[in-house]
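Undergrad: Chain by chain, the residues:
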Amino acid sequence: MSPNRNIREVMLAAVPSLRAFAISLCGNVDRADDLVQEALLRALANLSSFEPGTNMSAWLFTILRNLFRSEYRKRRREVEDVDGSYAEQLTFSPEQSTRLEINEFREALKSLPTEQREALILVGASGFSYEEAARICGCAVGTIKSRVNRARGRLAEILSIEDTSDFGPDQETRAVVNSDLLTRRS
Amino acid sequence: MKPVAKLGTEVKAKIGQQLRDIYEETVKQGVPERFVDILRGLDDPSDDEGSKNEPK
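Heads up: the sequence lines are chains Z and H, in that order.
Start counting the first sequence at 1; every next residue gets the next number (this note's numbering).
Start counting the second sequence at 187; every next residue gets the next number (this note's numbering).
Calculated directly from the structure, the hints in this document are not laboratory data.
C-beta atoms are modelled at their ideal positions from N, C-alpha and C, and glycine is treated no differently.
There could be a bad hint or two in this list.
[Unchecked claim] Just so you have them, the derived chain H footprint on chain Z, three or more residues with Cβ under 8 Å:
1) 51-59
2) 100-106
3) 112-119
4) 129-141
[Unchecked claim] Incomplete in silico selection of chain H near chain Z, CB under 8 Å:
5) L193
6) V197
7) K200
8) L205
9) D207
10) Y209
11) V213
12) I224
With these hints in hand, go ahead and build the complete structure from the sequences.
TA: Rendered as structure tokens:
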């Protein structure tokens, strides 16, 4: 496999997660895909500045995040997907959460300040460590931790999520069953 | 800065689950063709199968 081919594979593998991050950031699929495209083109044009052996995915996330931030500063509030058009484009099979819960969660997520939202997504969904997220966002690890905490606290507040009360017995059972299945499968 | 109330593990788990549900919904869609096309340029010319699909 040629080096370029290898880079292509690694980049391709990062695209689904990159899209998910972009959609969570800007709340609109079409705009998110444009952002991903721009990030990939910029990455290709600057491949020489990528340090081999470092995390390609984190590098791409950094590029996309910086593009989003510079664009966001320009466009400010029109970024929000007021009609929830991207929610409609998704078919969702509710396994863990109900459709309603998901829509409410999406709305709540949108209401977070951008820096809290990106920190929460990077750590809570993209699977980056606090250290990696800090590098991607160009801030201190402590800052990321505090943003993630504030994001969680705010979401819990908006969605009135509390310990036990919002955890119905069937959900709890399901969680136990699921983890049990996972344990057995592995 | 306003201090943040300590959140219980159940609250964190619930938020984490919904966050991942939303995220996975997109991840499951894979790689749209337009991005495959963009990255095709990285292949050796000899590898090019020449199958140009319209980007979505």
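Undergrad: For each hint given before, does the structure comply? Return the numbers of the non-compliant ones in rising order.
TA: 1, 3, 4
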